[in-house]
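**Student:** One line per chain: the protein sequences are A, B, C and D, in this order.
No gaps in the numbering here: position 249 of the first sequence is 249 in the working numbering, and each next residue is one more.
No gaps in the numbering here: position 19 of the second sequence is 19 in the working numbering, and each next residue is one more.
No gaps in the numbering here: position 102 of the third sequence is 102 in the working numbering, and each next residue is one more.
No gaps in the numbering here: position 89 of the fourth sequence is 89 in the working numbering, and each next residue is one more.
You may find that some hints are simply not true.
Which copy is meant is left open, so a pair is good if it fits within one copy or across any two.
[To be verified] With a straight-line Cα cutoff of 20 Å, these simulated PhoX-like cross-link-like pairs (lysine-lysine) come out: (1) Lys53 x Lys207; (2) Lys161 x Lys12; (3) Lys235 x Lys135; (4) Lys207 x Lys308; (5) Lys53 x Lys235.
These are computed hints drawn from the structure, not numbers from a lab.
These numbers were taken from a predicted model, which means no experiment stands behind them.
Protein chains: 4
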Amino acid sequence: MKAVRVTGYHEKLQMDDVPVPEVTGPHDVVVRIGGAGVCRTDLHILEGQWAEKSGVALPYTIGHENAGWVHAVGSAVTNVAEGDKVILHPLATCGLCRACRAGDDVHCENSAFPGIDSDGGYAEYLKTSARSCVKIDDSLEPAGVAALADAGLTAYHAAAKAAARLRAGDRCVIIGAGGLGHIGIQVLDAISPAELIVVDRNADAVKLALSIGADSGIVADGSQVDQVLEATGGKGAEVVIDFVGEGGSTAQGLAMTRRAGDYLVVGYGENVDVPTIDLISAEINILGNLVGSYNDLVELMALAARQKVVLHTQRYALDDFQSAIDDLDGGRVRGRAILVP
Amino acid sequence: MKAVRVTGYHEKLQMDDVPVPEVTGPHDVVVRIGGAGVCRTDLHILEGQWAEKSGVALPYTIGHENAGWVHAVGSAVTNVAEGDKVILHPLATCGLCRACRAGDDVHCENSAFPGIDSDGGYAEYLKTSARSCVKIDDSLEPAGVAALADAGLTAYHAAAKAAARLRAGDRCVIIGAGGLGHIGIQVLDAISPAELIVVDRNADAVKLALSIGADSGIVADGSQVDQVLEATGGKGAEVVIDFVGEGGSTAQGLAMTRRAGDYLVVGYGENVDVPTIDLISAEINILGNLVGSYNDLVELMALAARQKVVLHTQRYALDDFQSAIDDLDGGRVRGRAILVP
Amino acid sequence: MKAVRVTGYHEKLQMDDVPVPEVTGPHDVVVRIGGAGVCRTDLHILEGQWAEKSGVALPYTIGHENAGWVHAVGSAVTNVAEGDKVILHPLATCGLCRACRAGDDVHCENSAFPGIDSDGGYAEYLKTSARSCVKIDDSLEPAGVAALADAGLTAYHAAAKAAARLRAGDRCVIIGAGGLGHIGIQVLDAISPAELIVVDRNADAVKLALSIGADSGIVADGSQVDQVLEATGGKGAEVVIDFVGEGGSTAQGLAMTRRAGDYLVVGYGENVDVPTIDLISAEINILGNLVGSYNDLVELMALAARQKVVLHTQRYALDDFQSAIDDLDGGRVRGRAILVP
Amino acid sequence: MKAVRVTGYHEKLQMDDVPVPEVTGPHDVVVRIGGAGVCRTDLHILEGQWAEKSGVALPYTIGHENAGWVHAVGSAVTNVAEGDKVILHPLATCGLCRACRAGDDVHCENSAFPGIDSDGGYAEYLKTSARSCVKIDDSLEPAGVAALADAGLTAYHAAAKAAARLRAGDRCVIIGAGGLGHIGIQVLDAISPAELIVVDRNADAVKLALSIGADSGIVADGSQVDQVLEATGGKGAEVVIDFVGEGGSTAQGLAMTRRAGDYLVVGYGENVDVPTIDLISAEINILGNLVGSYNDLVELMALAARQKVVLHTQRYALDDFQSAIDDLDGGRVRGRAILVP
């Protein structure tokens, strides 16, 4: 089969012919890829940024946002069957550690990460575990949802955590209405009654946010903290979700957070640097956020099936992988680039 | 001022001229009534059903679903000011007992219930406590929301409790799409991503439910349990809210509840009668529901301000109180009857 | 190896020689049994009460409360290794259904129940899944904890659910200080600051309860509801755990429950039969309780390792299985009977 | 009556004769002081550090950790009566704002702080609100518990927040076993089954900690992070409570926190300065902590009544206030200094 592989860092990806993976263990699932998201992380992998961390042996097949159809299953697989349309959770988790047993599988102590530390989805077929497979609704197609597998799932996870404490009349500030933020806004609009205030440097992003569920938008021109305080009676928002995490957004986000409120960090880059007295006197929480769990992905797919979360995609044939990479690198992708074998 | 009073049980209500109540304590609030809901409970009061329970001395002014404008406030009142538009929580709570201190003021150990055990809102003015007053949005008018103070608040409370555990992809069955159910559906649609399945004996009620947020409707013809099971893969719904509580709805509701699911009782009449082995083997919870807390009412008003919860009202001048009572008794009220002084 | 098997209902168990089970799948674990609890359910199995429900094919090896040493593991087993001391969760769950993925594995949609629907632990060796194996502390021995695998785990689960809402100053009534109740009391004493009030018909059981953590005891002589109300200022307890579930305990338990309180059903037999108006006006919850999850068992073993939960056992050689059965049936077992191969 | 007052900053406190306060409003309570804690904050007040923040007009009576007997009550007071022994929550809250209505009264938008911004408890009598009064058990005496009103309540609040997520087998690190930490350890030992690991620079403090409930102790000599990691299998603790908040404890505390764990800041001084990528990749939470709520104080008093939390006190007659201040300033107080009128 065709597979796009990393053969060396600081080199171009290469299309190779490799054997179709086969089921060997009882929980194995081989998936025929219907769509593989092209993510900025893939560019970083090529630059060698993940080489040491992942320890992956080259060559290997890249691609960690995958969806498709089940091609073959091991003997113990009960959650999906041949022919099922599926999206794949980015982690293949062990199911045995305490975190997995608590439903918190993202913190699995023995997980693999296909596309990062093992063969991924820029290929015709991918072998994974039944524990990664989430069936999707008949109305969805793999290429349309593949990019929700990682970036979308991260946004969902943070939004769902926020929604768990937001009540009608509460305010939630979303800093950053880009790739993740724009999913987060749709999710919050679907699952929470809170008033959504979006902050972004880009006026077009703010405009888009307003069209997909935000209640008000603020173009970050330096006065965004003051504007949020003004919009919240000087008190700040019950929850602030920061999809940016750099360029001063963390201090601003904390300054927008109400007493006893939550500031959720999703984007990263800079340090959170805050006096302990400020955290204590206002009793504010700073909550870290990683990608969502398997059940989070099930829930996100339920929203997608009802058109509550929609992703704009730009599709490329698998053979055109280099164009997709180049377009992403060159800022020419609107929405998410998807490879379709 | 004019006040419609109970002067004897099994007698007609009587319009009297009484003094306008005055502020005497620091937390007192006198409200000029803008709308008072006419509730079936008012009919029961006249029949003497509440005489012993409330211990109220006759004559007294009836009416427990009230909204209006703040007319005067005591010296310690900080949450509302003269001229504010307000809806009144049905209970005037003490603020000092452990339940009040926990935010669970509905279980206050020292509450009054204006319209039931003290003077209510079928009048031009009503005296209550600052603890009952919830400011409402400029866009709302007292006569439009008054009936949300009690019935609507009960529905909100149950719906919010259900929503706290419902995730995208979950199913919630609502039994009864009448007065309370029809608020509950709107609330759930606004605050939860769950799929809403409405069950009612009346096909018109089901149709209405579908127009205000229900995802599917079942006309209860004896096959409703089977239909819910079929719609849920044989497993039942994660949550069932029973706004009926009689005529077999409790056994049906429990039979519609999934393993580890919640069955919420709101309507009442019959007994819940269920083998302990059934509760245990499926690990089902039966949750009682009373009216909502003060903060629940704040949240419900936030939804109302955004037109997420809308009530159909049929208005009567205060002088026409007898027509309102007669129309309610005769089944001629569409939505809720409201007295407007 | 030796295995005690059911060869026919209404017949005696029979000691057979059968092959030692072998690892065939990657998640298989073969355990050398160190102790197998003899449970009243085993008597019911012999009476045929489970025949239809379990659908098990005869002959099969009985015994569902098992602990021992890991003898062999499949290739994908990461949570235990050969030689580890383990206790076995009663269910071998799939790990793939939504309940398993949420940590709520007791509600697994595809579980096996060794000793009930497949070969159990009245034997020298037992084959199970890695998902059932919980490592125990060096200080514990299999025969000492085996009986915590099912009965103890049920008590732990209910106690932990209760503890999640109990705060210092709250009261928890425990109805029934027998096998389960006596574990529940120890657990509550270890994990909750609530005041524990024990109710039992048997004065000796009450005395025992007081020695292992109960703060006060009531011998159920007909006045137990009044006594609980008196001890709680007429209000009832925040939580009531009913380990009996028959003989009137459900109505009594509900009558002992405070407004907004929880009544937990663990024991079973009779019906819960309660007017909906009572559930609603006091806003009481009735919570069903099944056996605990895998992680519950991990936590219970953490308590056992610190001697917070201690079980009295009466041990029998595996060859003496008939004596154990007879003693249990004849009421001659103090604590729990354990077969030791 | 006698009252010790601040008459000028950077001057000594002065004993004055002032009128006994009187009940004027319906929620007023006048308390005869039985004990008033002498706190380091009192020294800071004299140094003028609070002058601007509190805006208090001089002269005024100092003392914010108070307990005593109810001397007189206003007409609407239902929670205490003349003669009751009480401890006073440090804040006199409004009971009307959204925070108060949610039970989160510490975030009251209109609170007074007797001893800081109004007359406090270094006096024979103090006037406060019914909302501050918590009845204490007959077995307790005001002078013995007064110091739990503020410092103890802060420790309780953090410990209770930690306990809400700690399960048997989990580990909780307590950094700092001084005034607050030593209450926190007693509280955690009473309400949580977690293993308590105490870290302090002072070997004697560690020794004391072990005698009041800690399971293990680490003298902070620079290797404390490594020691905690070693004690937790390299993973860190589920919860870390930092009662220090300076001298590097925040970075150390975060380094001791397990993936998906909580780091609670209680002590303050330095900045929390952490890369966002670290918060995200380990999904760690940083939780601010202020003083506890009214209900927290009720619960703490329930623990005190059962001798689960015991405070060492060093008592002074009110007339000897200067000795108490001098001893505190000179480091000669073991436990807490208490003025007894």
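**Student:** Checking Lys161 and Lys12: alpha-carbon separation at most 20 Å within a copy, between copies, both or neither?
**Tutor:** Classified as neither; 39 Å inside a copy, 51 Å across copies.
**Student:** Reference check for the pair Lys53 and Lys207, CA-CA at most 20 Å: within, between, both, or neither?
**Tutor:** Answer is neither: 38 Å inside a copy and 41 Å across each miss the 20 Å cutoff.
**Student:** At most 20 Å between alpha carbons: which applies to Lys53 and Lys235, within, between, both or neither?
**Tutor:** between (42 Å within a copy, 18 Å between copies)
**Student:** Regarding Lys235 and Lys135, is the shortest C-alpha distance of 20 Å or less found within a copy, between copies, in both, or in neither?
**Tutor:** Answer is between; shortest inter-copy Cα gap is 18 Å, intra-copy 43 Å.
**Student:** Reference check for the pair Lys207 and Lys308, CA-CA at most 20 Å: within, between, both, or neither?
**Tutor:** Classified as within: same-chain Cα gap 18 Å, cross-chain 23 Å, threshold 20 Å.
The structure is inconsistent with the numbered hints 1 and 2, although it conforms to all the rest.
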